[in-house]
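**Student:** Given next are the chains, with one letter for each unit.
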Amino acid sequence: MRILIPVKRVVDPFSKVRPLPDGSGIDTTGIKFEINPFDEIAVEEAVRLREKNPDIEIVVVSIGSGDCEEQLRKALAMGADRAILVETTHLFDSLGIAKELKAIVDTEQPSFVLMGKQATDYDCNQVAQMLAAKLGWPQACFASAISINGQALTVNRETDLGVESVEIPMPCVITTDLRLNEPRFVALPGIIKARSKPLDRIPPSATPAPVTRTVKIESPGARPPGRKVASVEELVSELKSRGVLPA
Amino acid sequence: MSIVGIAFTPADATGIQAFAAALGMPFRLVQITGDPNTSCGAQQILSAGLEDIPPADGLVSSLEGVVQGASHIVAVSSMASKDVMARLAGVLDCAMVTDVVSADSPSTFKRPIVAGTLVETVEASGAPIVLTFRPAGFTKRPPERASEVESFSISPSKVRVTQAAHKSGGRPDLTQASVVVSGGRPLKDRETFESVIGGLADTLGGAAGATRAAVDSGIAPNELQVGQTGKIVAPDLYIAAGISGSTQHMAGIKDSKCIVAINKDPDAPIFEVADLGLVADLFEAIPAIRNLLGK
Ligand SMILES: Cc1cc2nc3c(=O)[nH]c(=O)nc-3n(C[C@H](O)[C@H](O)[C@H](O)COP(=O)(O)OP(=O)(O)OC[C@H]3O[C@@H](n4cnc5c(N)ncnc54)[C@H](O)[C@@H]3O)c2cc1C
Chain H
646 MRILIPVKRV VDPFSKVRPL PDGSGIDTTG IKFEINPFDE IAVEEAVRLR
696 EKNPDIEIVV VSIGSGDCEE QLRKALAMGA DRAILVETTH LFDSLGIAKE
746 LKAIVDTEQP SFVLMGKQAT DYDCNQVAQM LAAKLGWPQA CFASAISING
796 QALTVNRETD LGVESVEIPM PCVITTDLRL NEPRFVALPG IIKARSKPLD
846 RIPPSATPAP VTRTVKIESP GARPPGRKVA SVEELVSELK SRGVLPA
Chain E
256 MSIVGIAFTP ADATGIQAFA AALGMPFRLV QITGDPNTSC GAQQILSAGL
306 EDIPPADGLV SSLEGVVQGA SHIVAVSSMA SKDVMARLAG VLDCAMVTDV
356 VSADSPSTFK RPIVAGTLVE TVEASGAPIV LTFRPAGFTK RPPERASEVE
406 SFSISPSKVR VTQAAHKSGG RPDLTQASVV VSGGRPLKDR ETFESVIGGL
456 ADTLGGAAGA TRAAVDSGIA PNELQVGQTG KIVAPDLYIA AGISGSTQHM
506 AGIKDSKCIV AINKDPDAPI FEVADLGLVA DLFEAIPAIR NLLGK
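If you read the protein sequences in the order shown, they are chains H and E. Numbers 646 to 892, taken from our numbering, label the letters of the first sequence in order. Numbers 256 to 550, taken from our numbering, label the letters of the second sequence in order.
Just so you know, these hints were derived from the structure itself, not from any lab. Please read all numbers here as calculations on a predicted model, not as lab measurements. Among these hints, one or two may not hold up.
Unchecked claim - Distance condition first, Cα-Cα at most 25 Å in a straight line; then the derived SDA-like pairs of lysine to any residue:
#1 E:Lys509 x H:Pro682
#2 E:Lys512 x E:Pro427
#3 H:Lys885 x E:Cys513
To be verified - Listing some non-contacts, in silico: residues in chain E with all C-beta distances to chain H over 10 Å:
#4 Gly279
#5 Ala379
#6 Glu399
#7 Glu405
#8 Ser408
#9 Gly453
#10 Lys519
Note that the Cβ used here is the ideal one computed from N, Cα and C, for glycine as well.
All chains should be built: construct the whole structure from the sequences, respecting the hints.
**Tutor:** This is how it looks when you write it as structure tokens:
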């Protein structure tokens, strides 16, 4: 059985980012890059599934500049078996990435694709569902538990109302939510060993014109500054005078 | 140009009405669960009348037919709409924009990115455009007669739901409530969270919310998580108790009219965004607030 995991290189979710002065993008000077946290959860989950089902091969793929090697190496160090870097400077949007991933799925023929529900940079939450559509595969998004059950997966999904359990036949696309697991810390020997794991560099299968384009990136308007109140009494009377609590 | 709005819950219809008005376009409504709102001004209402939102694959195949001819296919942002609408965009091979907060033109939209620390203006080309939007940015419209309701059936799915999720408790929905009281890591356990945060929420007739830290440590159920990767709320009053104010949490509450922070650390970052801040132990302040309100 093979699990394919797309991973994205994103700005460190705990860094403070600013727009470029001309508004054309995100200023990344001095900013660290990480694996998108949800993709890291996906890699961790695949490694845990392999602990119970030893015949699993874990393949990670990233689409982007040569720098994405850093994130692929991290995934390999966590336990992925091999990596594919679709090396390109082309500007892909979500739909373009989904199409490129479909080309990878067509060659790799995984039993399922496991990926982050969203990337913490552009917060789009689109690619997995678009990929599932392109493949005609069923999807289970926002997984908080996954187990392999013969030719199907049993997945707990987080929904607006709570947790839902589903049985989904393979092949399929699954996205990870925060509660699925807590990714392991990778110790130095793992990182060193990962340097010898295979990483294939390939060009993109196509460079489609994007259908969405970033026109501008700016800082949001700041909320007017607030103030501290001295006591519970002052808080309640202030809320009443602002009309947010009934007088 | 015309809109097809996909309403996952009955409450979504008024959001879609407001969005359509902002774009100045007529709209048709597809109601997935519950009874459709017949005073939302839709030109046509198709109602599936389901109790639970079905899996995305079957739902999207059935939507494919009814969205024909629309320039925009829209839904209120929610986990359900993100699951379904992106698959629909994939099937239609068209542009999608997530979490729209305002429209500069019928094809140019603003949306928060990087946990709301930046705002992106994005232009979508081609037709149709699929999008999800946050209703807080669009002014509600008065009730308006809608057309007759026709029924709409959903194609079968390859996914079998073995246990559906059901809303627990009698509190208002987090994303709809006019008052939200949220708690963080110091709430210790479920019982404490329920009695302190749930108790104040009930006093105020509001909903309860939580941080990721509270949900991860089992203090609050996952559907209460507010933030970048949880629910986006925009109540008149948001009370954050024992919440530090991480970027990820703030991303979910910025549209609230009045944010109150109760935190015992005077330097907690939440005070930088709160309209009213109270430096206090929440376990003393919250009972005192309930006391003052006489409940
Ligand atoms: C990819 C990603 C996505 C995330 N998404 C979300 C999200 O959607 N929502 C979210 O909330 N977080 C999210 N987080 C987590 C976020 O970064 C923070 O870790 C989290 O919000 C912190 O929760 P907290 O404020 O409850 O806990 P803490 O940061 O530990 O803060 C607790 C606060 O309580 C105060 N306190 C302690 N005791 C008392 C007392 N007795 N009375 C009053 N105050 C007290 C402390 O002073 C402190 O400020 C995400 C993180 C990542 C990496």
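**Student:** For a C-alpha distance cap of 25 Å, please report whether Lys509 (chain E) and Pro682 (chain H) respect it.
**Tutor:** At roughly 23 Å apart (the allowed maximum being 25 Å), Pro682 (chain H) and Lys509 (chain E) satisfy the hint.
**Student:** Could you let me know if the closest chain H CB is still more than 10 Å away from the CB of Glu405 (chain E)?
**Tutor:** Since the minimum Cβ distance to chain H is about 26 Å, Glu405 (chain E) lies beyond 10 Å and the statement holds.
**Student:** Run the distance test for Lys885 (chain H) versus Cys513 (chain E): straight-line Cα separation, threshold 25 Å.
**Tutor:** 12 Å, holds
**Student:** Under the criterion that the straight-line Cα-Cα distance not exceed 25 Å, is the pair Lys512 (chain E), Pro427 (chain E) satisfied?
**Tutor:** 18 Å, holds
**Student:** May I ask you to check that Glu399 (chain E) keeps its beta-carbon over 10 Å from the closest beta-carbon of chain H?
**Tutor:** 27 Å, holds
**Student:** Are all C-beta atoms of chain H more than 10 Å from that of Ser408 (chain E)?
**Tutor:** About 19 Å separates Ser408 (chain E) from the closest Cβ of chain H, which puts it past 10 Å; holds.
**Student:** Taking C-beta pairs only, is Gly453 (chain E) more than 10 Å away from all of chain H?
**Tutor:** Correct as stated: the minimum Cβ-Cβ distance to chain H is 16 Å, above 10 Å.
**Student:** Taking C-beta pairs only, is Gly279 (chain E) more than 10 Å away from all of chain H?
**Tutor:** For Gly279 (chain E), whose nearest Cβ neighbour in chain H is about 21 Å away, the distance exceeds 10 Å, so it holds.
**Student:** In terms of Cβ atoms, is chain H entirely out of 10 Å range of Lys519 (chain E)?
**Tutor:** It holds; Lys519 (chain E) is separated from chain H by about 13 Å at its closest Cβ, greater than 10 Å.
**Student:** Just want to verify: Ala379 (chain E) was marked as not at the interface with chain H; is every Cβ pair farther apart than 10 Å?
**Tutor:** Check fails; 5 Å does not lie beyond 10 Å.
When the structure is compared with the earlier hints, a violation turns up for hint 5 alone.
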